[in-house]
Each structure stands twice: as C-alpha cells, then as structure tokens.
Amino acid sequence: MSFREKVLWASLLLPAALWCWYFGLIGMALAGATALDERLFAARMLEIMVASIALQLASVAVLARRDPDPAFVPDEREQLFEYRGASRAYQVISVGILVVVAGNFLAWSRFAIVNAVVLIYLLSEAMKIGVELNLLRKGVGR
Amino acid sequence: VTDECITRKRITNKIRLLRFMANEMTQEELGRRIKMTRQTIAAIEQGKYSPSLEAAFRIADVFDKPLDEVFAWETDGEA
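First to last, the protein sequences are chains Y and X.
Just so we're aligned, residue 255 is where the first sequence starts under our numbering, counting upward by one.
Just so we're aligned, residue 14 is where the second sequence starts under our numbering, counting upward by one.
Don't read these hints as lab results, they were simulated from the structure.
As the structure is a computational prediction, the values presented were derived from the model and not from experiment.
Here are the computed lysine to any residue pairs in the SDA-like style, where the Cα-Cα straight-line distance is at most 20 Å:
id	chain 1	residue 1	chain 2	residue 2
1	X	K48	Y	D321
2	X	K22	X	A69
3	X	K48	Y	F326
4	X	K61	X	D81
5	X	K61	Y	V385
6	X	K78	X	A68
One side of the interface only, derived from the structure: several residues of chain X facing chain Y at Cβ under 8 Å:
id	residue
7	M49
8	T50
9	Q52
10	T53
11	K61
12	Y62
13	S65
14	A68
We treat Cβ as the ideally placed atom computed from N, Cα and C, and that holds for glycine.
Modelling step: build the complete structure from the supplied sequences, incorporating the hints.
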C-alpha cells in the first residue's frame with residue numbers, strides 16, 4: 255500500500271469515527287432518548303472539527319515516520335484520481351445545496367441547516383476519498 | 014481519426030525489458046528517478062495507465078532511449 259493510500263485511509267476512517275459518534279448522538283436526541291441541547295452540540299461540533307484535523311495531522315506524521323520514502327506530493331496518476339474524486343464530490347455538494355435550499359423553504363431550524371451543511375461536506379469528502387481509494391486499489395487510470 | 018483507431022489501438026511500452034537491461038532496475042528506483050510512485054510505474058508497465066507526454070519523455074530519458082523505442086501506439090494483440 256502506497257503512502258498516499260495509507261494517508262487517505264486515515265483521512266477517511268478517523269474523521270468518520272468521530273462524526274458518526276456526533277451524528278449518532280443527534281439521532282438519539284431526535285429520537286427522544288436524550289435532550290437536544292443545541293449549544294452543547296455546537297460546542298461538540300467545534301471540538302470534533304479540531305480533533306479531526308489534529309488526528310489527521312498526527313496520522314500523517316506517524317505514517318511519514320514509518321515510511322522510508324514518503325511521497326508527500328502526489329504524482330500525475332494520483333492527481334488524476336484526485337480530480338476524479340473531486341468531480342464526484344462536486345456532484346454530492348450540488349445535490350446537497352439543493353437539499354439545503356429546500357430545507358430553507360421548509361423552514362428548517364438554523365441547527366438543522368448547519369448540521370445538514372456539515373453532513374453534506376463530510377459526505378462529499380467521503381465520496382472524494384472513496385473514489386480515490388477505489389481507483390488506487392484497481393490501479394487503473396487511463 | 015477513425016472509430017477503429019480509437020477502440021482498437023493502445024499505448025504499449027517496453028519499460029519492463031528496459032529495466033531488466035539496466036542492471037535490473039527496480040520499479041521503485043525508476044519511480045524515484047522520475048518522481049513517481051512504484052504503483053504508478055507498475056500501472057504504466059501493465060498498460061493500466063498511460064503516462065503524460067512529459068512523464069513518457071522522462072522515462073525514456075532514464076534509459077537514454079528515444080521515446081518511440083520505449084512507447085509504441087499499437088493495435089491490441091500486436092505487441
């Protein structure tokens with residue numbers, strides 16, 4: 255597995271674990287199991303954003319130390335995969351924008367809209383990384 | 014450009030042979046010399062990825078060969 259592939263796995267799994275926990279808590283609150291304290295969730299969101307960035311930086315540092323020759327700059331094939339991933343992510347964001355606009359017309363709360371925007375961003379990131387990993391695994395790139 | 018040209022022709026290469034002839038140079042070593050990963054070199058060798066023109070020139074340069082001795086534009090099954 256190449257250095258870039260390892261970094262991508264870390265960038266996918268570490269934030270995914272944190273955000274799944276966060277949205278799981280929101281789900282439980284919406285289901286009535288716990289109280290939906292919007293301020294508390296806003297604070298948690300910020301904490302997770304900071305933790306997510308810190309974890310990703312730490313994981314890159316650890317992977318770079320373990321790799322004898324880490325390639326920090328992607329080569330042309332990896333860049334091609336990156337563009338393809340970004341193109342798919344753009345589609346997710348486009349649909350997401352329509353959902354948020356519709357939500358606005360349906361009078362969603364500010365809390366719901368903020369979380370929807372974050373979720374759309376996370377889904378687009380997951381799509382980008384997923385496409386890249388899939389192409390790197392298959393090895394194709396014509 | 015005919016449809017046949019688009020569907021039946023592909024870029025082939027002799028990188029594997031040239032590596033072997035260059036003191037059994039590894040994919041990793043070639044990758045290091047042209048700033049590419051070992052995985053990308055493997056994909057090029059297997060015909061799964063067609064390199065950019067610049068990368069193709071860099072590869073040919075490593076083996077001190079003209080481009081057309083390393084890469085060819087051939088019909089499937091011809092190589």
